[in-house]
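Novice: Mind docking chain B on chain A? Use the hints.
Here the protein sequences come in this chain order: A and B.
Each position in the first sequence, counted from 1, maps to that position plus 90 in my numbering.
Each position in the second sequence, counted from 1, maps to that position plus 171 in my numbering.
FYI, nobody ran anything at the bench for these hints, they're computed from the structure.
Possibly wrong hints are sitting among the right ones.
To be verified - Below, a list of computed lysine-lysine pairs in the DSS-like style, where the Cα atoms sit at most 30 angstroms apart:
(1) A:Lys163 x B:Lys536
(2) B:Lys195 x A:Lys146
(3) B:Lys195 x A:Lys199
(4) B:Lys189 x A:Lys146
(5) A:Lys187 x B:Lys536
(6) B:Lys195 x A:Lys255
(7) B:Lys189 x A:Lys242
(8) A:Lys187 x A:Lys163
(9) A:Lys250 x B:Lys189
(10) B:Lys195 x A:Lys187
(11) B:Lys178 x A:Lys116
(12) A:Lys242 x B:Lys178
(13) A:Lys240 x A:Lys204
(14) A:Lys204 x B:Lys195
(15) B:Lys337 x A:Lys187
As the list claims (entries may be wrong) - To give an idea of the chain A side of the interface with chain B (calculated C-beta under 7 angstroms), a few residues:
(16) Tyr100
(17) Gln105
(18) Phe108
(19) Ile112
(20) Gln126
(21) Tyr129
(22) Ser151
(23) Pro189
(24) Glu191
(25) Lys199
(26) Val200
(27) Phe221
(28) Phe222
(29) Arg253
(30) Leu256
(31) Val257
None of the values given here were measured: they were computed from a predicted structure.
Quick reminder that beta carbons are idealized off the backbone N, C-alpha and C, glycines included.
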Amino acid sequence: MNDSVFHRLYDEYHQDVFQFLIYLVKNRHLAEDLMQEVYIRAFRAFDRFEGRSSEKTWLFSIAKNVAIDHFRKTAVRTKHSMEYFDWETQQLVSSEKLPEEVSLLNEDKVFLYKALDTCTGDQKMVIIMRFFQDLSIAETAEILVWTEGKVKTTQHRAIKALREKLVAREGGDDNAE
Amino acid sequence: MTMPNNKWTDDSIEDLLKDFPAIKDGRPKERVYNQLVQTKPTKKPRKPWLPILIAALAFIAVGILVSSIISQNGIDFAQTRDDSSNAAEESSTTMKESNELSEAENSTSGESDQFSAAQVEDIVRTAVYENMIGDQTVMTIGLTAKAIVVPVTFLIPAEEIASDFKSLVPTSLELYQKYADDINEKILGFDNYHPYIGTFEKTATGIRHVLPQDHQYDKASANVSVYFNTLSASFNNVDQIEVSNEDGSAAEFSQIGPVETIVPIQENLAYYSFAIENGDVYLAPGYDMPFASASEAISSLTSSPSDLYGATILEDLVFQVTETDELVSVRFETEVDLNAVNQLDAVRMIESLTLTAGSFGKRVKVEGLQPVNWNGFDFSLPLPIPIAPNLLEWPAQ
Numbered sequence: 091m092n093d094s095v096f097h098r099l100y101d102e103y104h105q106d107v108f109q110f111l112i113y114l115v116k117n118r119h120l121a122e123d124l125m126q127e128v129y130i131r132a133f134r135a136f137d138r139f140e141g142r143s144s145e146k147t148w149l150f151s152i153a154k155n156v157a158i159d160h161f162r163k164t165a166v167r168t169k170h171s172m173e174y175f176d177w178e179t180q181q182l183v184s185s186e187k188l189p190e191e192v193s194l195l196n197e198d199k200v201f202l203y204k205a206l207d208t209c210t211g212d213q214k215m216v217i218i219m220r221f222f223q224d225l226s227i228a229e230t231a232e233i234l235v236w237t238e239g240k241v242k243t244t245q246h247r248a249i250k251a252l253r254e255k256l257v258a259r260e261g262g263d264d265n266a267e
Numbered sequence: 172m173t174m175p176n177n178k179w180t181d182d183s184i185e186d187l188l189k190d191f192p193a194i195k196d197g198r199p200k201e202r203v204y205n206q207l208v209q210t211k212p213t214k215k216p217r218k219p220w221l222p223i224l225i226a227a228l229a230f231i232a233v234g235i236l237v238s239s240i241i242s243q244n245g246i247d248f249a250q251t252r253d254d255s256s257n258a259a260e261e262s263s264t265t266m267k268e269s270n271e272l273s274e275a276e277n278s279t280s281g282e283s284d285q286f287s288a289a290q291v292e293d294i295v296r297t298a299v300y301e302n303m304i305g306d307q308t309v310m311t312i313g314l315t316a317k318a319i320v321v322p323v324t325f326l327i328p329a330e331e332i333a334s335d336f337k338s339l340v341p342t343s344l345e346l347y348q349k350y351a352d353d354i355n356e357k358i359l360g361f362d363n364y365h366p367y368i369g370t371f372e373k374t375a376t377g378i379r380h381v382l383p384q385d386h387q388y389d390k391a392s393a394n395v396s397v398y399f400n401t402l403s404a405s406f407n408n409v410d411q412i413e414v415s416n417e418d419g420s421a422a423e424f425s426q427i428g429p430v431e432t433i434v435p436i437q438e439n440l441a442y443y444s445f446a447i448e449n450g451d452v453y454l455a456p457g458y459d460m461p462f463a464s465a466s467e468a469i470s471s472l473t474s475s476p477s478d479l480y481g482a483t484i485l486e487d488l489v490f491q492v493t494e495t496d497e498l499v500s501v502r503f504e505t506e507v508d509l510n511a512v513n514q515l516d517a518v519r520m521i522e523s524l525t526l527t528a529g530s531f532g533k534r535v536k537v538e539g540l541q542p543v544n545w546n547g548f549d550f551s552l553p554l555p556i557p558i559a560p561n562l563l564e565w566p567a568q
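Chain A on its own, in the form it takes in the complex (with noise of 0.2 angstroms):
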């Protein structure tokens, strides 16, 4: 491992890749293991980094690979199957606690963090990448190596699963949509 290349890394994107990761899987202890496999991954794929894209998403990308292979090892634990696992598909559901700055939040936007478990995965994941995280439209196709395209569809269909959620934990469907 390079050392001035943890610094920069770290310097300019721990906080951000950290978030990411701790948005996705809830428990900061796990998160804080899977940023070590970012890093991890990260060096070993740096001499390959061509700068075909952007240090930002490359570095979000393995972030994004890392959650991945972590809910799929948690799919294959908890159902005993090794059937493929298609994180688009499926929800990315973690059972930990919400984190605490989540707790402190007011309900809507608790129930609307909750909901996120519920939608399918690539949904959640562009939740939180272009809200949480303040991230373009061309920086999450590029991360998921999406068209663009893709990715507003799947941020509208997203919104209107969490609005529907909404709507419907009050009890009235009238304004669904």
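Specialist: Relative to the frame of chain A, chain B by itself:
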């Protein structure tokens, strides 16, 4: 308060989502770094090798050898625990007092760019870890004493490799052919076994050992076992080792008949303590005693499986073992104060756990060892798997 339904528009939901708080990692930068340098990446083929070396660690090998080497290099082994500036102690404070993480961050933020290899100089290890390798080349060779095979590992400087080989990445066979004869096994306290008689050739699937007629490797069953296990240890990264006669026919050993192709054994083994005549202690895999599970292998470390192999778990310690697909959890029933036991024995105990679990492709999480951050180990996390056991100083004499 909850908004009425007609407030749930795309915009209002997006506004809410945009208003989620930042969640910070409260760990100081150096703690992230220290955890990183002691973390072994997930399973990866052995080959030479990635960045940075912690030079001092290369000297911290085993027993008597250690002390003489250490004194030559200005590292005071005895002061390891007392050195208040060392990284382990620093991180043990931050770990134990997790509520004060933000304070720790404040107090260290000004120097966060300063830490480097020097911080881990005082850490004692007997095995080789990825972060110790830097641009050096790893050479593991199976030495033998009392018919037990011990894989020992050397880190050969890049300059030496560059001057001795055309390739910067020599194979284990090339390393063996160049250096095996230079390793003074007698001085290290082992039998004078290497180099093998006969010749070696590369094959499509590994290597072939071509034996002359008068070889002695099949003289007794113990000899055969030592032969196979030294080959396994020395050429652990080849797929297959064939053994043939000079005429190309497959070798036949008097004890076992035709020698089948050897697939180097590195998996499903337990690493026991093994003392040679001069008192040096090594971690030796029980090559001929594989286990069905990591839990069983680790449980076996509490007692001697034979007269020669010793338990690595410190006396009277009792633990429970559970395992998942990736992790072995070892929970000591009563807390163990590592500062109250011999440091090297404790390191060997911990590394026998990690090496044994590693031979099953798993990492180990240990509970019940105190302090939680000790000698560079962070017991709050799964421990890194060593790349290879029994680091010795190079050049080997």
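Novice: It remains to establish, for every hint, whether it holds in the given structure.
Specialist: Against the structure, the hints come out as follows:
1. A:Lys163 x B:Lys536: 18 angstroms, holds
2. B:Lys195 x A:Lys146: Given that 30 angstroms is the threshold and the Cα spacing comes to 18 angstroms, the pair holds.
3. B:Lys195 x A:Lys199: Holds, at roughly 18 angstroms.
4. B:Lys189 x A:Lys146: 20 angstroms, holds
5. A:Lys187 x B:Lys536: Measuring from Cα to Cα gives roughly 22 angstroms; hence the hint holds.
6. B:Lys195 x A:Lys255: 29 angstroms, holds
7. B:Lys189 x A:Lys242: 16 angstroms, holds
8. A:Lys187 x A:Lys163: Holds - the C-alpha atoms of A:Lys163 and A:Lys187 are around 19 angstroms apart, at most 30 angstroms.
9. A:Lys250 x B:Lys189: Judged against 30 angstroms, a Cα distance of about 16 angstroms means the pair holds.
10. B:Lys195 x A:Lys187: 17 angstroms, holds
11. B:Lys178 x A:Lys116: 28 angstroms, holds
12. A:Lys242 x B:Lys178: 22 angstroms, holds
13. A:Lys240 x A:Lys204: Judged against 30 angstroms, a Cα distance of about 24 angstroms means the pair holds.
14. A:Lys204 x B:Lys195: Given that 30 angstroms is the threshold and the Cα spacing comes to 20 angstroms, the pair holds.
15. B:Lys337 x A:Lys187: 57 angstroms, violated
16. Tyr100: 6 angstroms, holds
17. Gln105: OK, holds: A:Gln105 within 7 angstroms of chain B, min 6 angstroms.
18. Phe108: Holds, because the Cβ-Cβ distance from A:Phe108 to chain B comes to roughly 4 angstroms (cut-off 7 angstroms).
19. Ile112: For A:Ile112, the interface hint holds, since the closest Cβ of chain B sits about 5 angstroms away, which is under 7 angstroms.
20. Gln126: At about 5 angstroms, which falls below the 7 angstroms cut-off, the nearest Cβ of chain B leaves the hint on A:Gln126 intact, so it holds.
21. Tyr129: At about 5 angstroms, which falls below the 7 angstroms cut-off, the nearest Cβ of chain B leaves the hint on A:Tyr129 intact, so it holds.
22. Ser151: 18 angstroms, violated
23. Pro189: Since the shortest Cβ distance to chain B is 6 angstroms, the answer is holds.
24. Glu191: 5 angstroms, holds
25. Lys199: Holds, because the Cβ-Cβ distance from A:Lys199 to chain B comes to roughly 6 angstroms (cut-off 7 angstroms).
26. Val200: 10 angstroms, violated
27. Phe221: This hint holds: A:Phe221 lies near chain B, its Cβ roughly 4 angstroms from the closest one there, short of 7 angstroms.
28. Phe222: 5 angstroms, holds
29. Arg253: Status holds, d = 5 angstroms.
30. Leu256: 5 angstroms, holds
31. Val257: 5 angstroms, holds
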